[in-house]
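In my numbering, the protein residues as written are 311 to 609.
Be aware that a few hints might be false.
Unchecked claim - Pairs of lysine-lysine, DSSO-like flavour, derived with a Cα cap of 30 Å: (1) K513 - K531; (2) K375 - K339; (3) K531 - K379; (4) K375 - K406; (5) K540 - K461; (6) K531 - K564; (7) K379 - K560; (8) K488 - K398; (9) K461 - K363; (10) K379 - K406; (11) K513 - K464; (12) K349 - K560; (13) K480 - K517; (14) K540 - K517; (15) K490 - K405; (16) K379 - K405; (17) K540 - K398.
If you're looking for bench data, these hints aren't it; they were derived computationally from the structure.
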Amino acid sequence: MKILNLFFIGLLVSISSLASAQSDAEIEKMIVELHKPTKKISDSIGKLMQETKSKIETEIDSVVKENLKLRSDTLFNAFDDNAINELKQDFVFAKKYPNSLAALKLLRRHVNRFIGMNFYDTYVEVFQNFSPEIRNSEKGKEMAQNLQYFKQSKVGSTAPSFSLVDSNGKTISIDDFKGKQYVLIDFWASWCGPCREELPYIKELYKKYHQQGFEIISVAKDDKQDLWKKAIEKEQIESWRHIFTSEDNKNIIKNYNVNGIPHKVLIDKNGIIIGKWKGSGENNKHDLQQLLKSIFEAE
């Protein structure tokens, strides 16, 4: 009888696991259907973006080229707006299925992306709505950790502290600048094309505002120090501080929630994050420039 009872208990566990798997499989199918409208839009915009990029690369006329760049920015905005609309509908969907790992997976999909930067409170609300079993699962614990990194690196938070050795062998800490300077941390790499394309623009900002209390710390996600040092020299950006992230000091990447580059963080004199930009593009450049202008040209 005891053996029989154990058999039925095992059978019930198997059936329960199968039902859960089927349920998540069904939910995943629902998610595919849910995303069809936004996917159609993103595919369409993506095609236009690629066509515009190709035209920019081959266009000789400077006026036409500038207009193409403006069109590219408009398309980027439309692409992001569509992605944000998808994120909002995913929040609603995930909240309907608090016992589903598939719904948690859906939420995790966006958490580190640019479009999710301004939705921390919503992420927390939806995550807390999941059942204790889902929150305490392996994926749930990973999500909780992601949200912690998100919280400490978002605009309005105190910048995570660090103490690292720069390219000149000198120790550098974010606390060194408190009460003195605004600091832009620029996460980049020698192999990152978009990162290096932005350096002339960054150099202009440094030249314009450095004497007024603007400092830059470049943090490289490079694999080889020699390539990193060659890039610094070639781009002529020795004027500011540089940090190479090795296996021993990669916590700065996690603590600032950096998942892709370029990634920029602006910190005020009180050590508070006041700006954050993921990715490249004219919109990000414009936002950073306007924020610095409001700080230094208003003082």
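Hint check results:
no., hint, verdict
1, K513 - K531, "20 Å, holds"
2, K375 - K339, "43 Å, violated"
3, K531 - K379, "28 Å, holds"
4, K375 - K406, "47 Å, violated"
5, K540 - K461, "35 Å, violated"
6, K531 - K564, "12 Å, holds"
7, K379 - K560, "35 Å, violated"
8, K488 - K398, "37 Å, violated"
9, K461 - K363, "35 Å, violated"
10, K379 - K406, "41 Å, violated"
11, K513 - K464, "25 Å, holds"
12, K349 - K560, "35 Å, violated"
13, K480 - K517, "23 Å, holds"
14, K540 - K517, "22 Å, holds"
15, K490 - K405, "45 Å, violated"
16, K379 - K405, "39 Å, violated"
17, K540 - K398, "44 Å, violated"
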